[in-house]
Amino acid sequence: DAKTTQPPSMDCAEGRAANLPCNHSTISGNEYVYWYRQIHSQGPQYIIHGLKNNETNEMASLIITEDRKSSTLILPHATLRDTAVYYCIVRVAGSEKLVFGKGMKLTVNP
Amino acid sequence: EAGVTQFPSHSVIEKGQTVTLRCDPISGHDNLYWYRRVMGKEIKFLLHFVKESKQDESGMPNNRFLAERTGGTYSTLKVQPAELEDSGVYFCASSAKRNYGYTFGSGTRLTVV
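Residue numbers (this note's numbering), protein chains in the order written: chain H, -3 to 106; chain E, 114 to 226.
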């Protein structure tokens, strides 16, 4: 079972920042938080991952709370092409397996 | 660099037939994974190769599924005999290192009729 909880959907205006929340209250100290997204029926696309520090790359920023029980994925300037299902995943320590949940549908509106 | 390539993109077969899906990972990626999404369900892990060795095959649903990666390059996933419930999208992914993000292919849509 997925160890994360996400709202089922969210809307965002084009050009604005999209802040996607995720709860993972049972995360263990050595488990990573990963974010992927799936645009339409394409294969999932890796976005970012982190352990305890905040992370940033060319796609997004990942903010992890100090207690690690929740995180937020930030898309700084959402575009229509960011409309997708976003998956927040806690990777089980010692395993390469990703457990996908239902994800959250982000719709970016013009 | 070329991405993860999967072939075929679509396959329609009759129940009881055999189908073989192929995945070509990104060159140099030792880690190769198979996932699938059957109708109405979440994406599920099937197995993980490191080079030619099966590292974790805990997600393989039953013995009708056989995955191979001879030579540690491309991989095949054979379903024999196919059942109706095997219909779905089969994704392959690869990564150069563990604990890194995977690159997924576009998937093979399998329809068993």
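It should be emphasised that the hints constitute simulated quantities derived from the structure, not laboratory data. Keep in mind that a hint or two might mislead.
Subject to a maximum C-alpha distance of 27 Å in a straight line, what follows is the list of computed DSS-like cross-link-like pairs (lysine-lysine) [as the list claims (entries may be wrong)]:
| no. | chain 1 | residue 1 | chain 2 | residue 2 |
| --- | --- | --- | --- | --- |
| 1 | E | 128 | E | 164 |
| 2 | H | -1 | E | 167 |
| 3 | H | 98 | E | 164 |
| 4 | H | 101 | H | -1 |
| 5 | H | 65 | E | 191 |
| 6 | H | -1 | E | 157 |
| 7 | H | -1 | E | 191 |
| 8 | E | 210 | H | 48 |
| 9 | E | 210 | H | 93 |
| 10 | E | 164 | H | 65 |
| 11 | H | 101 | E | 167 |
| 12 | E | 191 | H | 101 |
| 13 | E | 154 | H | 98 |
| 14 | H | 48 | E | 157 |
| 15 | E | 210 | H | -1 |
| 16 | E | 167 | H | 93 |
| 17 | H | 93 | E | 164 |
| 18 | H | -1 | E | 154 |
| 19 | E | 157 | H | 93 |
| 20 | E | 164 | H | 101 |
All of these numbers come straight from a predicted model, not from anything done at the bench.
Is residue 154 of chain E within 27 Å of residue 98 of chain H, Cα to Cα? 8 Å, holds
Is the Cα-Cα distance between residue -1 of chain H and residue 191 of chain E 27 Å or less? Roughly 31 Å separates the two Cα atoms, so the pair is violated.
Take the C-alpha atoms of residue 210 of chain E and residue 48 of chain H, compute the straight-line distance between them, and say whether it is at most 27 Å. 20 Å, holds
Does the alpha-carbon distance linking residue 167 of chain E and residue 93 of chain H stay inside the 27 Å limit? With a Cα-Cα distance of about 13 Å, the restraint between residue 167 of chain E and residue 93 of chain H holds, given a limit of 27 Å.
Run the distance test for residue 157 of chain E versus residue 93 of chain H: straight-line Cα separation, threshold 27 Å. 9 Å, holds
Within a Cα-Cα threshold of 27 Å, do residue 101 of chain H and residue 167 of chain E meet the stated pairing? 34 Å, violated
Is the Cα-Cα distance between residue 65 of chain H and residue 191 of chain E 27 Å or less? 40 Å, violated
Going straight from one Cα to the other, do residue 210 of chain E and residue 93 of chain H come out at no more than 27 Å? 14 Å, holds
When you check the alpha-carbon spacing of residue 48 of chain H and residue 157 of chain E, does it fall within 27 Å? 26 Å, holds
Would you mind confirming whether the straight-line C-alpha gap from residue -1 of chain H to residue 167 of chain E stays at or under 27 Å? Between residue -1 of chain H and residue 167 of chain E the Cα gap is close to 25 Å, so the pair holds against 27 Å.
With a cut-off of 27 Å on the C-alpha distance, tell me whether residue 164 of chain E and residue 101 of chain H pass. 35 Å, violated
Between residue 128 of chain E and residue 164 of chain E, is the straight-line Cα distance small enough, at 27 Å or below? Not OK: residue 128 of chain E and residue 164 of chain E at ~32 Å, beyond 27 Å, violated.
Hint check: violations occur at hints 1, 3, 5, 7, 10, 11, 12, 20; the rest are consistent with the structure.
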